[in-house]
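Student: Residue-level listing of the chains:
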Amino acid sequence: MRREKALIFELGSPGREGFSLPASDVPEREPADLIPSTFLRERAPDLPQVSEGEAVRHYVELSRRNFGVDSGFYPLGSCTMKYNPKINEDVAALPGFAQLHPYQPEELSQGMLQMLYELDQYLAELTGMDRVTVQPAAGAQGELTGLMLIRAYHEHRGDKRRTVICPDSAHGTNPASAAMSGYKVLEIPSTKQGLVDVKALEEALDEDVAALMLTNPNTLGLFEVDIPKIAELVHKVGGLLYYDGANLNAIMGHARPGDMGFDVVHLNLHKTLSTPHGGGGPGSGAVGVKKDLVPFLPVPVVEKVQDKYSLNYDLPHSIGKVQGFYGNVGVALKAYTYMLQMGAAGLKQASSDAVLNANYVRHLLKNDYWLPHDYGPCKHEFVLSAKNLKDKYGVRTLDIAKRLIDHGVHPPTVYFPLIVDEALMIEPTETESKQTLDEFIEVMKAIAKEAATNPEVVLEAPHTSVVGRLDEVKAARQLVLRRQK
Amino acid sequence: MSRHYLPHTDEERAAMLETLGLNTIEDLFNDIPDQVRLDRELDLPAPLTEPELYSRMYALAAKNANLNEYAAFLGAGVYDHYVPSAVRHILARNEFYTAYTPYQPETSQGFLQAMFEYQDMICELTGMDVANASLYDGATAVAEAALVAVNATRSTEILVVDTVNPAYRAVLSTYVTPQGFPVKELPSVDGVLDIDAVAANVGPETACVIIQSPNFFGNLEDVAAVSAQLADHKALLIVVADPISLGLLKPPLEADIVVGDGQSLGNAPSYGGPLLGFLAAKQKLVRRLPGRIVGQTTDKEGNRGFVLTLQTREQHIRRDKATSNICSNQALNALAAAVYMSLMGPNGLRQVAELSLQKAHYAADKIAAVEGCSLAFDQPFFKEFVIRTNQPIADINKELLQHKIIGGLDLERYYPELKNHMLLCVTERRTRGEIDTLVSVLEGMS
Chain A
0 MRREKALIFE
10 LGSPGREGFS
20 LPASDVPERE
30 PADLIPSTFL
40 RERAPDLPQV
50 SEGEAVRHYV
60 ELSRRNFGVD
70 SGFYPLGSCT
80 MKYNPKINED
90 VAALPGFAQL
100 HPYQPEELSQ
110 GMLQMLYELD
120 QYLAELTGMD
130 RVTVQPAAGA
140 QGELTGLMLI
150 RAYHEHRGDK
160 RRTVICPDSA
170 HGTNPASAAM
180 SGYKVLEIPS
190 TKQGLVDVKA
200 LEEALDEDVA
210 ALMLTNPNTL
220 GLFEVDIPKI
230 AELVHKVGGL
240 LYYDGANLNA
250 IMGHARPGDM
260 GFDVVHLNLH
270 KTLSTPHGGG
280 GPGSGAVGVK
290 KDLVPFLPVP
300 VVEKVQDKYS
310 LNYDLPHSIG
320 KVQGFYGNVG
330 VALKAYTYML
340 QMGAAGLKQA
350 SSDAVLNANY
360 VRHLLKNDYW
370 LPHDYGPCKH
380 EFVLSAKNLK
390 DKYGVRTLDI
400 AKRLIDHGVH
410 PPTVYFPLIV
420 DEALMIEPTE
430 TESKQTLDEF
440 IEVMKAIAKE
450 AATNPEVVLE
460 APHTSVVGRL
470 DEVKAARQLV
480 LRRQK
Chain B
0 MSRHYLPHTD
10 EERAAMLETL
20 GLNTIEDLFN
30 DIPDQVRLDR
40 ELDLPAPLTE
50 PELYSRMYAL
60 AAKNANLNEY
70 AAFLGAGVYD
80 HYVPSAVRHI
90 LARNEFYTAY
100 TPYQPETSQG
110 FLQAMFEYQD
120 MICELTGMDV
130 ANASLYDGAT
140 AVAEAALVAV
150 NATRSTEILV
160 VDTVNPAYRA
170 VLSTYVTPQG
180 FPVKELPSVD
190 GVLDIDAVAA
200 NVGPETACVI
210 IQSPNFFGNL
220 EDVAAVSAQL
230 ADHKALLIVV
240 ADPISLGLLK
250 PPLEADIVVG
260 DGQSLGNAPS
270 YGGPLLGFLA
280 AKQKLVRRLP
290 GRIVGQTTDK
300 EGNRGFVLTL
310 QTREQHIRRD
320 KATSNICSNQ
330 ALNALAAAVY
340 MSLMGPNGLR
350 QVAELSLQKA
360 HYAADKIAAV
370 EGCSLAFDQP
380 FFKEFVIRTN
390 QPIADINKEL
400 LQHKIIGGLD
410 LERYYPELKN
420 HMLLCVTERR
430 TRGEIDTLVS
440 VLEGMS
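Sequence order for the protein chains is A and B.
Counting from 0, one number per residue, gives the positions in the first sequence under numbering that gives the first Met the number 0.
Counting from 0, one number per residue, gives the positions in the second sequence under numbering that gives the first Met the number 0.
Next up, chain A with everything else stripped away, as it sits in the complex:
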C-alpha cells in the first residue's frame, strides 16, 4: 500500500511541453522592443516541463490518493458532506454562466442577474430573513461581513459597542471573525447539557454588547431550546443576534433563524445546499439580514425593475465590498439549481432524514463510546467521546480516526468542540443510506472492540493508506513548504 509519489517537478524533461498555442497573427516584435529590457525576466521560472499526458497521469494519480464524498462515507461533523448532485456541475460549466466577464454590460448578463436575484429570495425564505447577499466567499467571510453589518448598524445609530459574545462551543471562526471586525470577544460557558447558560449570558449582557453569535443547533448537534428567551435578552440590551448557519442542514423547513429572532444569518452554501467543497473551497458564505440591516449590505445588490435586472451600487450606508466582484457566483448557481430541484418538501425531507440518520447512529453507538450529552434527540450531528477508551486502553480519538481510514471511511471531525474531551463529531447527512450507516456502526463497534483486545492495531493505524501516520510536529518544526533545491 505504501508508496511515495514523485513531485511533478521530478517528472518530464527540459523542453517538454504540455500545451499548444497559435502563432502570433500580428507582426512579431521582440519583447525588448516593446518594453524596456529592465522589466524582463532574466531567468525563467522553474515550472514543470511535462507533456499533457504526463500531467494528466500525475494529477489522476494524485486524485487516487485523495478521498472525497464520491469515494465513500464522509461524516465530517459541522461540514455537511452530503452528496453533490452532478447536474449542478454541468449547469455551472455552461459557457453562458462560466464564460461571463463581471464587467460585461448588464443587458448581456440578464440570466445571471436573474439567478442571483431569485436565489436571494429563495435563501431569504429558507432562513426567514428579508434580503440575502451572496458576495462573501465562504462561511468565515460571511461571519466577518455579518459582524461588519452589525457594527455599521450600531454606529449608524450613534451607538458604540465593543463586545461580541460567543459560547465556548462556537466554531473557531466566530471569535476570529469578531476580532477581525474590531470587537473584543467574550466567551461564555455552556451548561452541563451543552447549551447556552442563560444565566451566564444574562450576566454578560450589557449595553457594550454588539451581538451574540450562535449556532443553532449548536456544535454538539443540540437545539438551543431557550432561543426565544436568549433573543429577548440580547435584544433588550440593544444587541443583535448572529446566526452561524454551518448547521442549517438540521432545520430546513422545520424552523427558521429569522423566526427565532436572529437578525443576521450566514449560510454555507457548500454545506447545506449541496455545492461541492472542492478540497477546501470554493464555498459561499451568503449572508441574510432583517430589513433594518439591509441599507448596510455590501455593494452591489441585484435589483429588479420591470423585468430588468441590474446591479445597484447606490447604497450610501453600505459597508462596501468584501470581494472584488459579486462573490462566488459559480457556487451560488449550484445552490440555486439544488433548491429548484428539491423544492420546499424536498428540503424539509432532507433535514428530516439528516436528523433521523444522526439519531440512528448516535443511538446505536452510545454503548460503545461515551455520549456526554445523552438526552433528547440530537439534530443533524452529535458528539461522541473516546474518553472511555483512552482511560481504559490508551486509545485516543486520533487513533480511532486513523483506524477508520483502513475501513474506507473518512474520519469524523475530531477534538472539536473544545468543550468535549476526546471529541468525535459525527454528521452522517441525509444522502447516506441505511446500509452505509449500518456498516459504519459495525466498523465503529469493531474499533471499540479492537481498542480492548488489540490496541496496537488501532494505535498504529492507518495500515492501508498510501502513507503511514504522518509526523505533524516535524512538519511544523522543520518547515519544508516547497522543494529544497
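Among the hints, a few may not be true.
Said to hold, decoys possible - Okay, the calculated bits of chain B under chain A, using three or more residues with CB under 8 angstroms as the criterion:
#, segment
1, 245 to 251
2, 269 to 275
3, 289 to 303
Note that these hints are calculated values from the structure, not bench results.
Note that the Cβ used here is the ideal one computed from N, Cα and C, for glycine as well.
Based on these hints, arrange chain B on the given structure of chain A.
Tutor: Frame of chain A; chain B shown alone:
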C-alpha cells in the same frame, strides 16, 4: 421533489424510527419550541426534475452573452486567457472536487501534494520564499497582506497607490476600517505611482506601501524605486502582480509580500467568482501568514508525505488571536492553477505573456493612429492600456456590441477625472481580425 438524492424508503425510515423507539420523524423535532416552529411549507418554486431543470438553466444561460460568442476587450482583474481542456478534466475528478479541507492527511495526500506543488510554483513565479494554499480572490489577498504588515510592523497606517485596482482598494478599506487602521491613497502621475508622494508619506507609522505592477492601467511600476524609499523604514512593500505577466516580466523580488489573483491561471472568468487569491512572502513572515499552508514531512517508515502545517496561526486553534479568520479557501481554483502551470511550463507561460504583450501593443499602436483617439499615458505597459477618446465610452461600447465585441472598461466611474477614457485588455485569445474590427469601429465613429 427530487428523491434521487435521498436514499431512504418509507419502510427504512419506519425501521430506523422503530430502533429509536419513535413513531414519526416529527418526534425528533419536538425539542424545538412551538413558537419558533415553521407551521407552513416554505414558499419556494415547485420542484423540477433533472431534464426540466437542465432545459430551464440552459435557457437562462442563453440570456447571457458569453466570451465564446463575443470578443471581449475587458480585463480589470478578470482575464480571458485560454483554459486547456486537460485542466477541466482534472478538476472534474470526484476525489478532488468532492473532498473538503485535508484535515486527515493520510487520506488526503493527493490534494496536499498538489497544494505543495502549487505553493512551489507560486514561489517560482513571484520570486518569494513561501506561499499559502490560496485566499478568496486578489482583493481579499491585498487586504490580508495589509493585515500581515500591520501585525509584523506594529504600525497601522496603510499606504496604497491609486493605480491599484479600485475593487481591491474598496475591499481593503472594508477590511481594515473596522479595526481602525487608516488607509491613505497616494496619487499617481501619468498613469504610474508618484515616487515623491511615496517618499513624502512613508514614516514610522506606516505599516506597508501597496503597489500594483502591471498596475490597473496596465502600466509597469518601478518596484525597485519604491523599495529604495522604504529602506530606512520598517514598512513592508506589498506588490500586486499578474501571474501571467510573470512568465515574461521580472518578479518583484524587492517586495516583502506578493499577492494577486490567479484566475487567469486555468480558471474561467465565472462572472467574477470563484477566483483565486494568491499570497507569497519572504521567509521571515511565514508565521504571520493567513490561511492554509502545506508542509512536507514523513511517516514512521520515512515515506515522504504532506500535511497542513503551522496550524497554530489559524482560527480553529488560536480563535480570536488567529492571523486571519479564513477557513474554507479556493483550493479547487488553486488546483486549476497548478494544473495550468504544469501544462504550460516556463515556455508556455512565456508564450501566453508574449502573445498578450504583442497583441496589446499592436492594438494600442493602431488605436493611437485613429483620429480622435490617443493613448492616455506614455508608459511601458503589458496587456492592458488606456485610451482617450473624443466621445462617451458608453456610445463606443454600444456600437462595438453590434460587431460582437465587448469593449473596454469605462474608467470615469472609478476615476472621475478620466472621462472618455477606456481601459482595454488584449490577451492571447484576441485575434488580429477582432482587433482590426475594434479599430475600424473606432475609425467609423471619429
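Student: Taking the hints in turn, state whether each one holds.
Tutor: Hint check:
no.	hint	verdict
1	245 to 251	holds (count 6)
2	269 to 275	holds (count 6)
3	289 to 303	holds (count 12)
Of the numbered hints stated above, none is contradicted by the structure.
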